[in-house]
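**Student:** Sequence:
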Amino acid sequence: MRTFIEKLCDRYKVSETDVQSLLNCMEEVHFKKRDLIVREGTKNCNLYFIKTGIWRAYYHKDGVDTTIWFASDGEAAFSVWGYVDNAYSLINIEVMCDSVAYCISRTALNQLFASSIGLANLGLRLMDHQFLQQENWLISSGSPRAKERYLNLIKETPELLQYVPLKHIASYLWITPQSLSRIRADIARTGT
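The sequence shown begins at 1 in full-length UniProt numbering and counts up by one.
Just so you know, not all the hints are guaranteed correct.
With a straight-line Cα cutoff of 16 Å, these simulated EDC-like cross-link-like pairs (lysine to aspartate or glutamate) come out [stated by the list, open to error]:
1. 32 with 98
2. 7 with 73
3. 13 with 128
4. 61 with 40
5. 7 with 18
6. 167 with 65
7. 147 with 85
8. 7 with 156
9. 43 with 85
10. 33 with 85
11. 33 with 159
Derived by calculation from the structure, the hints in this document are not laboratory data.
All values derive from a computational prediction rather than experimental measurement.
Construct the entire structure; sequences and hints are all you get.
**Tutor:** Structure below.
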């Protein structure tokens, strides 16, 4: 638990007191591999903090799943549509391995934000983090070298290789699974 709190404090630049206040109002929930936390076309206004596990967000179009983000220990996960606008989600959020998370409804969270400047700042930092994550994904999709994108992703979140099928990692990198296999073979052969 201590490491989890430290990750939250470090990632979102908030005090341990504020994180503990938030966690005291959240419910611990358990999910199994392949559970859908959010299903495209449904409403889910909850905010989750992942205590353990890896989740991915993706959309389905023309028979193809495209991964848009991964989240792991100490990260927030939510449907922006449900959280911000109480609208139907355009994405799915799937559990990649058995996971434990903390959950709070949007209504309860807004009440907490109104009660504390520190917690309100946490809300702002969550949105800032979400914007940065999406822009990094969009910018990296234009990167000329898929190998560089893969190496950066694995450096930032090495546990992906243990729990996430390569086809999902490939879709996140905007490449085919075959291209990712060639990149991995090249890295194994050359060491870089």
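**Student:** Are the hints correct? Go through all of them and say.
**Tutor:** For each hint, the structure was consulted:
Taking the CA atoms of residue 32 and residue 98, the gap is about 4 Å. The hint holds against a cut of 16 Å. For the hint pairing residue 7 with residue 73, the CA-to-CA distance comes to about 8 Å; that is within 16 Å, so the pair holds. Distance restraint check for residue 13 and residue 128: the Cα-Cα separation of roughly 11 Å lies within the 16 Å cut-off, and the hinted pair is therefore satisfied. A distance of roughly 11 Å separates the Cα atoms of residue 61 and residue 40; the hinted pair therefore holds under the 16 Å criterion.
Our distance criterion of 16 Å between C-alpha atoms is met by residue 7 and residue 18, whose separation comes to about 13 Å. Of the pairs offered as hints, the one joining residue 167 and residue 65 holds, with about 9 Å between alpha carbons and a cut-off of 16 Å not exceeded. Of the supplied pair hints, the one linking residue 147 and residue 85 is violated, its CA atoms being roughly 37 Å apart against a limit of 16 Å. The suggested pairing of residue 7 with residue 156 holds, with an alpha-carbon distance near 14 Å, which does not exceed 16 Å.
A C-alpha spacing of about 10 Å is found between residue 43 and residue 85, which places the hinted pair at or below 16 Å, so the restraint holds. A threshold of 16 Å between alpha carbons decides the hint, and for residue 33 with residue 85 the separation of about 28 Å lies outside it, so the pair is violated. Taking the CA atoms of residue 33 and residue 159, the gap is about 15 Å. The hint holds against a cut of 16 Å.
Hint compliance for this structure: hints 7, 10 are broken, all remaining hints hold.
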